[in-house]
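Required output: the full structure, derived from the provided sequences and hints.
Spelled out from the first residue to the last, the chains are:
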Amino acid sequence: MSNITLALAKGRTADSTIHLLKKIGIQFQDFHEDTRKLVFLSEDASIKLIFVKAVDVPTYVEKGAADIGIAGKDNILESQADVYELLDLKIGQCKFVVAGRAGDFPPSKQRLTVASKYPNITEQHFQKKGLDVETVKLNGSVELAPLIGLADVIVDIVETGNTLKENGLEVFEDVENISTRLIVNKASFATKSNDIQLFIKRLTVGLEEEYENHNG
Amino acid sequence: MSSYQIGSAKAEYNADGFKRRETLITQFKNRFSTYGYEQIRTSTFESYDLYSKLNGTVNKDDMVKVIDSSGKVLVMRPDVTIPITRMVAEGGMPEEELRYFYIQDVFRSTASTGTKESTQAGVECLGNNRPETDAEVIMLAIHNLKELGFSNFKIEIGHAGFFKSLIAPAGLNPSEIEQLQSLIQSKNIVEMVPFLEQLSLTEDLREAMQAIPMLYGTPREVMQQISDKLLNEEMHKNLNNLSEIVDILEDYEVGEHIVLNLGLINNMNYYSDIIFQGFVEQVGHPLLMGGRYNHLGDQYGVHLPAIGFAMEVDLLQEALVQKGQISEVTMVPQLIMTYEKSKQKEAFQTAQFLREDGFTVRIFPESSAVTQKPIDIKITLSESVNTITTEEDTQTFRNYQALLDILKQNGGK
Numbered sequence: 001m002s003n004i005t006l007a008l009a010k011g012r013t014a015d016s017t018i019h020l021l022k023k024i025g026i027q028f029q030d031f032h033e034d035t036r037k038l039v040f041l042s043e044d045a046s047i048k049l050i051f052v053k054a055v056d057v058p059t060y061v062e063k064g065a066a067d068i069g070i071a072g073k074d075n076i077l078e079s080q081a082d083v084y085e086l087l088d089l090k091i092g093q094c095k096f097v098v099a100g101r102a103g104d105f106p107p108s109k110q111r112l113t114v115a116s117k118y119p120n121i122t123e124q125h126f127q128k129k130g131l132d133v134e135t136v137k138l139n140g141s142v143e144l145a146p147l148i149g150l151a152d153v154i155v156d157i158v159e160t161g162n163t164l165k166e167n168g169l170e171v172f173e174d175v176e177n178i179s180t181r182l183i184v185n186k187a188s189f190a191t192k193s194n195d196i197q198l199f200i201k202r203l204t205v206g207l208e209e210e211y212e213n214h215n216g
Numbered sequence: 001m002s003s004y005q006i007g008s009a010k011a012e013y014n015a016d017g018f019k020r021r022e023t024l025i026t027q028f029k030n031r032f033s034t035y036g037y038e039q040i041r042t043s044t045f046e047s048y049d050l051y052s053k054l055n056g057t058v059n060k061d062d063m064v065k066v067i068d069s070s071g072k073v074l075v076m077r078p079d080v081t082i083p084i085t086r087m088v089a090e091g092g093m094p095e096e097e098l099r100y101f102y103i104q105d106v107f108r109s110t111a112s113t114g115t116k117e118s119t120q121a122g123v124e125c126l127g128n129n130r131p132e133t134d135a136e137v138i139m140l141a142i143h144n145l146k147e148l149g150f151s152n153f154k155i156e157i158g159h160a161g162f163f164k165s166l167i168a169p170a171g172l173n174p175s176e177i178e179q180l181q182s183l184i185q186s187k188n189i190v191e192m193v194p195f196l197e198q199l200s201l202t203e204d205l206r207e208a209m210q211a212i213p214m215l216y217g218t219p220r221e222v223m224q225q226i227s228d229k230l231l232n233e234e235m236h237k238n239l240n241n242l243s244e245i246v247d248i249l250e251d252y253e254v255g256e257h258i259v260l261n262l263g264l265i266n267n268m269n270y271y272s273d274i275i276f277q278g279f280v281e282q283v284g285h286p287l288l289m290g291g292r293y294n295h296l297g298d299q300y301g302v303h304l305p306a307i308g309f310a311m312e313v314d315l316l317q318e319a320l321v322q323k324g325q326i327s328e329v330t331m332v333p334q335l336i337m338t339y340e341k342s343k344q345k346e347a348f349q350t351a352q353f354l355r356e357d358g359f360t361v362r363i364f365p366e367s368s369a370v371t372q373k374p375i376d377i378k379i380t381l382s383e384s385v386n387t388i389t390t391e392e393d394t395q396t397f398r399n400y401q402a403l404l405d406i407l408k409q410n411g412g413k
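Protein chains in written order, with the UniProt record's numbering: chain A, 1 to 216; chain B, 1 to 413.
Taking beta-carbon pairs under 10 Å as the criterion, some of the chain A residues facing chain B (in silico):
(1) L87
(2) D88
(3) N177
(4) A187
None of these hints come from the bench; they were simulated from the model.
Note that beta-carbon positions come from the ideal geometry of N, C-alpha and C, so glycine has one too.
Here it is as structure tokens:
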């Protein structure tokens, strides 16, 4: 059986995924949460696991360095990677929103300035609405931008909305739902079709069981 | 600390890369010829109108535009199939089938990748509509990939008619069609389900749209998965067309390389029937793409059934380098000749003779510093003696014939 390379981001996604893989009989013996190793081979040698930075997972998969990747929809969208998106693992559910200073909607400006960690998603969203905006790419503390006048609104991920509220911001508009997805390299899907489809089938069964346990 | 060598900046590397690329292109040319295709070229500059009048081909924003002195807008060839079809159609319906191949650059400019030129090697077979032709064209694509040394490659086959007959009864607006297309292309069932629910579609149609992306696998597997009620009459016809072609391909004994992908959609709207693309391991983008376009000729007033495909030469070369399958360029020894001033005329004469006999000669006055590879052969003409130095030894020679004999013994041509 030829190896499938699976790219994962360390952290919560990785822990739930490894837990899920264990349930369907794929175990990584020398893996523990504090390990610094970046490459693991499953006991049956069918899966090679590599750990990469979350934003890089779609790139690894698109370029074929990994056959399969598990990544947040936010990173998949932002990277605009040309890959198959086959499963929703339903972990890390949250959403992309447009937010701004409470009560300041719609901002009375000719041309909006939008701050975001995700410039591609931002541009696409406003382009769809037919609005020409100026995008400012930030790497963190995006909530600050409307408060100090760096931007009129922000596009960011919201889970509970608490961070927004504490900073006097409110959601103006939902952009897209986010959760963890399984993506596959298009060439691998063609050349390793059987292995990959089998893996996905097993994973789907595992996911359904998990889902039933939670709701049962 | 060792320093990095930036390959592309080195002229020598460029020359080697170019040689490899030429080898690749020569291979394609020979292979295309053996199937009866003849090389043609189309103009680099095309009228903007040629493309802007056709819907659903190259995105207008992606074309590289040029303005000529009279203010007319031209585009740099964004595609080869359209100009070839137009050229043939303008001559009327051909009496017999025409087989053309091309090695040409196409130019595109997108926000994400910038302006890019890429070399395409492709064929177009115009003037007939037979499954045997379709199978042979796909065979030619497979033949090329095999010859390059790829072992694990697949040709995904689909039908342009599937997507068209899915959206025809649905009455979607252009942005909905675009969204549906991208969901099908990424096999994104997760998001397709809620997307389809908010459209007003019949139950059957929705089910078919959801099923199409996952109809993927060996022809036999896919045929088993398809239930009758899933497809309308048009789609059944399309499917029969595909299985006929796949059956013919079986007789070429290339069945192992064929995968059906009924969710395949080509962004070029001119495809009407079978479409296909080729993948090799590890490269996430198709290395070749093609299909049948029976109605493109209608745009120019001629019914001209045709099929063709194009290979991405740059991507193929990259894939070969990545696999380590590209052979080192064979080093041909050069003759490095140095001479004393008094021997200049004789040296020039000798060099000319050698070149006419097919040797590569670089000639320098004695005083110049000459760079030389170990395999090069050094020839020195001086007042007193003429010598030739190879890797093994140094010999003297009196005249051109003697020099030639030594070179022949050395096998260095």
